[in-house]
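**Student:** Sequence:
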Amino acid sequence: MSVLFTILLMAVIGGFIGAMTNYIAIRMLFRPYKAVYLFNKRLPFTPGLIPKRRDELAEHIGKVVVSHLLTEDAIRARLLDANLQKEITDTVTKMFHEKMQLETTPNELLHHLGYENAEVRSVAWLETTIEKEINRFLTAKKTTQMSDLIPAMLETELATKLPHVTDRITSKMSIFIASEEGKIQIKQMLQKFFEEHGKMGSMARMFINVDSFSEKIQQEGLKLISQEDTKNLINQLLTTEWQNFEAKELQALIPVEKQAHLAKQLTSELIQAVPHDKIFNQPIQVMLSNYETSITEKVIPFAVERMLDFVASHSAEIVGRMDLAKLVETQIATFSLPEIEKLVVEISGRELKMITYLGGILGGFIGIIQGILAMWI
Numbered sequence: 001m002s003v004l005f006t007i008l009l010m011a012v013i014g015g016f017i018g019a020m021t022n023y024i025a026i027r028m029l030f031r032p033y034k035a036v037y038l039f040n041k042r043l044p045f046t047p048g049l050i051p052k053r054r055d056e057l058a059e060h061i062g063k064v065v066v067s068h069l070l071t072e073d074a075i076r077a078r079l080l081d082a083n084l085q086k087e088i089t090d091t092v093t094k095m096f097h098e099k100m101q102l103e104t105t106p107n108e109l110l111h112h113l114g115y116e117n118a119e120v121r122s123v124a125w126l127e128t129t130i131e132k133e134i135n136r137f138l139t140a141k142k143t144t145q146m147s148d149l150i151p152a153m154l155e156t157e158l159a160t161k162l163p164h165v166t167d168r169i170t171s172k173m174s175i176f177i178a179s180e181e182g183k184i185q186i187k188q189m190l191q192k193f194f195e196e197h198g199k200m201g202s203m204a205r206m207f208i209n210v211d212s213f214s215e216k217i218q219q220e221g222l223k224l225i226s227q228e229d230t231k232n233l234i235n236q237l238l239t240t241e242w243q244n245f246e247a248k249e250l251q252a253l254i255p256v257e258k259q260a261h262l263a264k265q266l267t268s269e270l271i272q273a274v275p276h277d278k279i280f281n282q283p284i285q286v287m288l289s290n291y292e293t294s295i296t297e298k299v300i301p302f303a304v305e306r307m308l309d310f311v312a313s314h315s316a317e318i319v320g321r322m323d324l325a326k327l328v329e330t331q332i333a334t335f336s337l338p339e340i341e342k343l344v345v346e347i348s349g350r351e352l353k354m355i356t357y358l359g360g361i362l363g364g365f366i367g368i369i370q371g372i373l374a375m376w377i
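180 is the number that our numbering gives to position 180 of the sequence shown; each next residue is one higher, with no gaps.
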């Protein structure tokens, strides 16, 4: 009976020692949190392993996360995943539909974003910018010939249209001369001519019938205008005038002293042409209502796809700029030691308990062996 009692006692003692040894070893991973000193000498194993090598551990975890978890290929594969794209598209579409149920004007939206008096400030900025740019252009180009300012496409188009302009001019002239108004105008010109030439004019009126002479001039004028030589002459005159216009410098057409006034006038006309009241005070939803289907079916999916593709294409640069390893290291460094201990225990609590139990089992088994050996020795 004493032999069995001795073996059991040795097993209990061995088990207790094994369990307590493992339990203390586990606790020594975290504790003590700070170094303990005795007679200005730091005691061994203080602080615990993790507190002592906390910075090294945080740095190593950061490198492991970037090297093996959040790799460039893993991030790119996730960003290009069709399911992720669909989820983001559905989320953005849902948010868009929710916003379309509201009535938010650009003024209200900009006010919400902290931009007060948006309409007044925007119009003032636009007016100042346009006037400044017009003045800058007029000053920079004042010695430039008009031929260099006019687009080549416009010159080509004008050269093509010039004969048509000539035809239109002669046509309008023929219609006017042939009209009753034209006839009256010719008659008035003849009467004025006679009146301006005094006695010679009065004498001529005695021999000339103004009405018949007006009709004759009218007929001859129509013949003259319909002649090809007349059209060629008008076309040549128009071409010459256009060439003279192109040869002039900008300052010849817009003198420097009138530049500021012209810039202000042009700016005023442009500002008035912009319906800024409608732009800033009409609900955004009203402006987008006609395009809601196109936005949800085409614009949002395309924008999400392009965005994810862009991020995936630049994932290496983004990861490098974010310095994820340093970010993880910094975050871990912000954890307090009790938080780290609690986190590890929550994740590996069962395993740590099993290690303690295993130490007790091994200690008990060693105690039994020792008890048996003690009986033989």
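A few of these clues could be false.
[To be verified] Restraint ranges, calculated between C-beta atoms of paired labels, are given here:
no., residue 1, residue 2, range
1, THR71, THR104, 53 to 61 Å
2, THR71, LEU373, 39 to 47 Å
3, LYS278, THR93, 23 to 31 Å
4, LYS141, GLN265, 45 to 53 Å
5, ARG321, THR160, 49 to 57 Å
6, LEU222, LYS161, 23 to 31 Å
7, VAL299, THR160, 33 to 41 Å
8, SER174, THR144, 22 to 30 Å
9, ILE284, SER174, 49 to 57 Å
[Claimed, not checked] Cut-off 27 Å, straight-line C-alpha distance, at most; resulting in silico cross-link-like pairs (DSSO-like, lysine-lysine):
no., residue 1, residue 2
10, LYS99, LYS278
11, LYS248, LYS142
12, LYS192, LYS172
13, LYS142, LYS187
14, LYS99, LYS86
15, LYS141, LYS264
16, LYS278, LYS141
If you are wondering where the hints come from, they were derived from the structure by calculation, not from laboratory data. Bear in mind the structure is a predicted one, so any value in this text is a computation, not a measurement. In this text, a Cβ means the ideal position worked out from N, Cα and C, and glycines have one as well.
**Student:** Each hint should be assessed against the structure and marked as holding or not.
**Tutor:** We went through each hint and held it up to the structure:
no.	hint	result
1	THR71 <-> THR104: 53 to 61 Å	violated (42 Å)
2	THR71 <-> LEU373: 39 to 47 Å	violated (55 Å)
3	LYS278 <-> THR93: 23 to 31 Å	holds (28 Å)
4	LYS141 <-> GLN265: 45 to 53 Å	violated (18 Å)
5	ARG321 <-> THR160: 49 to 57 Å	holds (55 Å)
6	LEU222 <-> LYS161: 23 to 31 Å	holds (25 Å)
7	VAL299 <-> THR160: 33 to 41 Å	holds (40 Å)
8	SER174 <-> THR144: 22 to 30 Å	violated (40 Å)
9	ILE284 <-> SER174: 49 to 57 Å	holds (55 Å)
10	LYS99 <-> LYS278	holds (20 Å)
11	LYS248 <-> LYS142	holds (10 Å)
12	LYS192 <-> LYS172	holds (24 Å)
13	LYS142 <-> LYS187	violated (47 Å)
14	LYS99 <-> LYS86	holds (20 Å)
15	LYS141 <-> LYS264	holds (18 Å)
16	LYS278 <-> LYS141	violated (35 Å)
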